[in-house]
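2 protein chains.
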Amino acid sequence: MNLEAKNNQYLINGKPSAGLSVFDRGLAYGDGVFRTFLVKNGVPHHWELQYQKLTQDCLAMGLACPSNEELLSDIEALFDEGSDAVAKIIVTRGESARGYAVPADIQVNRVVTKSAPPTYPLSNQTQGVKLLLCELKLGLQAKLAGIKHLNRLENVLARMEWSDVNIADGLLLDSNDNVIECTMSNIFARFGSQLITPALDQCGVDGIARKRIIEHAKYLKLDMKIEAMKLDHLMQADEIIICNSLFGAWQVVNFNNKQWPKQDLDTQLRDMLLN
Amino acid sequence: MNLEAKNNQYLINGKPSAGLSVFDRGLAYGDGVFRTFLVKNGVPHHWELQYQKLTQDCLAMGLACPSNEELLSDIEALFDEGSDAVAKIIVTRGESARGYAVPADIQVNRVVTKSAPPTYPLSNQTQGVKLLLCELKLGLQAKLAGIKHLNRLENVLARMEWSDVNIADGLLLDSNDNVIECTMSNIFARFGSQLITPALDQCGVDGIARKRIIEHAKYLKLDMKIEAMKLDHLMQADEIIICNSLFGAWQVVNFNNKQWPKQDLDTQLRDMLLN
Chain A
1 MNLEAKNNQY
11 LINGKPSAGL
21 SVFDRGLAYG
31 DGVFRTFLVK
41 NGVPHHWELQ
51 YQKLTQDCLA
61 MGLACPSNEE
71 LLSDIEALFD
81 EGSDAVAKII
91 VTRGESARGY
101 AVPADIQVNR
111 VVTKSAPPTY
121 PLSNQTQGVK
131 LLLCELKLGL
141 QAKLAGIKHL
151 NRLENVLARM
161 EWSDVNIADG
171 LLLDSNDNVI
181 ECTMSNIFAR
191 FGSQLITPAL
201 DQCGVDGIAR
211 KRIIEHAKYL
221 KLDMKIEAMK
231 LDHLMQADEI
241 IICNSLFGAW
251 QVVNFNNKQW
261 PKQDLDTQLR
271 DMLLN
Chain B
1001 MNLEAKNNQY
1011 LINGKPSAGL
1021 SVFDRGLAYG
1031 DGVFRTFLVK
1041 NGVPHHWELQ
1051 YQKLTQDCLA
1061 MGLACPSNEE
1071 LLSDIEALFD
1081 EGSDAVAKII
1091 VTRGESARGY
1101 AVPADIQVNR
1111 VVTKSAPPTY
1121 PLSNQTQGVK
1131 LLLCELKLGL
1141 QAKLAGIKHL
1151 NRLENVLARM
1161 EWSDVNIADG
1171 LLLDSNDNVI
1181 ECTMSNIFAR
1191 FGSQLITPAL
1201 DQCGVDGIAR
1211 KRIIEHAKYL
1221 KLDMKIEAMK
1231 LDHLMQADEI
1241 IICNSLFGAW
1251 QVVNFNNKQW
1261 PKQDLDTQLR
1271 DMLLN
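As they're listed, the protein sequences go chains A and B.
Counted from 1, the first sequence has number 79 at position 79 by our numbering; the numbering is strictly sequential.
One gets our numbering by counting positions in the second sequence from 1 and adding 1000 to each.
Only chain A is shown next, with the shape it has when bound in the complex (with noise of 0.2 Å):
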């Protein structure tokens, strides 16, 4: 490994390649699953809770994981240590002629690609951020719910509902008026010393920063609770956070025609999660 910038921005199977072939199944139906995170100076953050998520990922979905091995390897030929970026993973179930039928012999594609670090406003950390109420209701699948899969048309549509560069991220509702999580990140709501965050037993993204701060709650010496909320119970919240693995955690200020004041809940947890 050297310092300067690598050239390739993906692998496909751990080789450069002119592109991924179209009749991959991840194209043609979104058939498996990804991974998004910072690799920061070349080493891929909490790798040990992305890989273990991959893998359980996969598992559900019927895919073969790749190996620990192969993907470490991706990594290292990808990105430089000087540098911090973000590495995304995808794994299809692989090429097969026309039809939803799996092949008994059909074997995955793994990709992986580097990206930059997305820039978000520094106010988003000192002030936090403003959500919009998504029209857009998340539909139920239980077979499907908790997996960062690729079949993400609901993300897409209802981030087309803004354009105001002011709004960090929307909240979406499932069809049963639950609060399940906003477009790219997962949400807490903080009353008095007990942390909410909802169950996602029906729909939504399991992310990795959403397990690292329900194992770190008891830290912070908030009784951890997953549970089913609605929106009026999430309006009461003396805090609201949202987090990834990308921005670590944001305290929402402003949603749904209400203010809160900035606390310092944010930041303990975006500690917690980028470091």
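Hints listed in this document are in silico derivations from the structure and should not be mistaken for laboratory results.
Here the structure is a predicted model, which means the values were calculated and not measured.
Heads up, the beta-carbon is just placed ideally off N, CA and C, and yes, glycines get one too.
Hints are not guaranteed to be accurate.
What the hints assert, rightly or not - Simulated coverage check for chain A against chain B, where a stretch passes if three residues somewhere in it have a Cβ under 8 Å from a Cβ of chain B:
(1) 13 to 21
(2) 80 to 93
(3) 151 to 157
Said to hold, decoys possible - With a cut-off of at most 27 Å between alpha-carbon atoms, the simulated DSS-like pairs for lysine-lysine come out as follows:
(4) A:Lys143 <-> B:Lys1225
(5) B:Lys1143 <-> A:Lys130
(6) A:Lys262 <-> A:Lys218
(7) A:Lys148 <-> A:Lys40
(8) B:Lys1143 <-> A:Lys143
(9) B:Lys1148 <-> A:Lys148
(10) B:Lys1225 <-> B:Lys1143
Since the structure of chain A is provided, determine the placement of chain B on it from the hints.
Relative to the frame of chain A, chain B by itself:
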């Protein structure tokens, strides 16, 4: 055009290509739509209806639909006059940087592929077919209902529920236990002189064969109704028919522990659909 087999199996934006960009949103999010139809002796079957539906689906998703001329040019370049084949058109939102937000200057990618026609047992036509009742239930999402979009994991997972080659398709209920469709086909049920097909306002794909049967029913002196249907109602039908643009129509003679005598509505509909 000559009668020799053409070499290219696909075109991307009208050109031979080594593959699709791994940054295409069709792969990343299933952010696109598709069509599948017969090409008979080089001529796309019922092209006007296929292109009309593609245009409608693109509009519903906020995609710029490729022109009629571009797509017909792709089909002419790929398909031979001397044989029948299956065309698939995929229109994705195009390539973008990581993240759900759609850049203002994004340009759709169009992919046209050529495949061999599916081979089904002749007995599907002469004796009828067996359906499985799938365990998976379709989630509700009015904003995507009817559209043939690339988020098809529910179909994939449902199709994974059986490997018995004697099962022709799997029937899907929605999460409210309404009969909706099968994994690769739409469904009709005849009760005396009444023909009913499920409403698709909350989920399901509104296919071309379904549309044509709805319009054709009056010529068969059948009173056509599009409405919600429960499983116990379906089970009382005099005849159940499934349909798509590739196989036309088959009668269901074995489903959910009940058998039906083979009749001839499927033959009439198949003749209408495939000719």
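Here is what the structure says about each hint:
1. Using a Cβ-Cβ cut-off of 8 Å, 5 residues of the stretch 13 to 21 of chain A lie near chain B, which meets the minimum of three, so the contact claim holds.
2. Residues of the stretch 80 to 93 of chain A with a Cβ under 8 Å from some Cβ of chain B number 5, which satisfies the need for three, so the listed coverage holds.
3. With 7 residues bearing a CB less than 8 Å from a CB of chain B, the stretch 151 to 157 of chain A meets the requirement of three and the coverage assertion stands.
4. Taking the CA atoms of A:Lys143 and B:Lys1225, the gap is near 32 Å; set against the 27 Å cutoff, the hint is violated.
5. At most 27 Å may separate the alpha-carbon atoms for a hinted pair to count; B:Lys1143 and A:Lys130 meet this at roughly 25 Å.
6. With a CA separation close to 22 Å, the supplied pair A:Lys262 and A:Lys218 stays within the 27 Å bound.
7. Taking the CA atoms of A:Lys148 and A:Lys40, the gap is about 22 Å. The hint holds against a cut of 27 Å.
8. Annotation: proposed proximity of B:Lys1143 to A:Lys143 holds, straight-line Cα distance about 20 Å (limit 27 Å).
9. Annotation: proposed proximity of B:Lys1148 to A:Lys148 holds, straight-line Cα distance about 22 Å (limit 27 Å).
10. Note on B:Lys1225 and B:Lys1143: the hinted pairing holds, with a Cα-Cα distance of about 23 Å set against a maximum of 27 Å.
The structure fails hint 4 only (numbered hints given earlier).
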